[in-house]
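Undergrad: Sequence:
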Amino acid sequence: RSLTPEATFWKQLKTGFSQIPHDIELTRLENCSTPGIPDVLMMDHGSRFHLIELKAQKGNVVKLSPHQVAFSQRHRTGNSWILVKKLGKTAREYDVLLFEGARSMELVSEGCTKVTPTHSQSAPIDYEDLYRVMFHVKH
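Every letter in the sequence shown is one number past the one before it in the working numbering, and letter 119, counting from 1, is 119.
Not one of these hints is a red herring.
Dumping the calculated DSBU-like pairs for lysine-lysine here, alpha-carbon to alpha-carbon at most 35 angstroms: (1) Lys-86 with Lys-58; (2) Lys-11 with Lys-58; (3) Lys-11 with Lys-86; (4) Lys-114 with Lys-89; (5) Lys-63 with Lys-86; (6) Lys-14 with Lys-86; (7) Lys-58 with Lys-14; (8) Lys-58 with Lys-89.
Cβ-Cβ distance ranges computed for the label pairs, FRET-style: (9) His-75 with Lys-14: 18 to 26 angstroms; (10) Leu-26 with Asp-95: 16 to 24 angstroms; (11) Ala-7 with Thr-90: 15 to 23 angstroms; (12) Asp-23 with Lys-89: 36 to 44 angstroms; (13) Met-105 with Arg-1: 33 to 41 angstroms.
The hints are simulated quantities; they were obtained by calculation from the structure and are not laboratory data. By construction, the Cβ of each residue, glycine as well, lies at the ideal position given by its N, Cα and C atoms.
My request is simple: use the sequences and hints to build the entire structure.
TA: Given below as structure tokens:
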């Protein structure tokens, strides 16, 4: 059975962050009881928590549910992120776009090409660089 694009993205993120020389803990949140809870809980090397919503998609539309938007808006002053893997023509061609959770309403209404990301990279992804951006944005 093949993995969904989002499950593949989770595996890439977990593998990439595991190779960073910092003490980082990533936990996949499989939560069916509370709609809108992000996919990943990360504790950075400064013991701060981050919530990360993962999206893997083609095109510019970021499909966030109303519950996901509401959660990100309620937690907009915290370390809440939307990490989008924008799929290309092949498995090796993709971009990763990092948005602060506070931008969720803009992402839903305008799409990921009209909202400026906090950080973006094209594959291959430098996960240490991605992590450094997440760690240094102060909330």
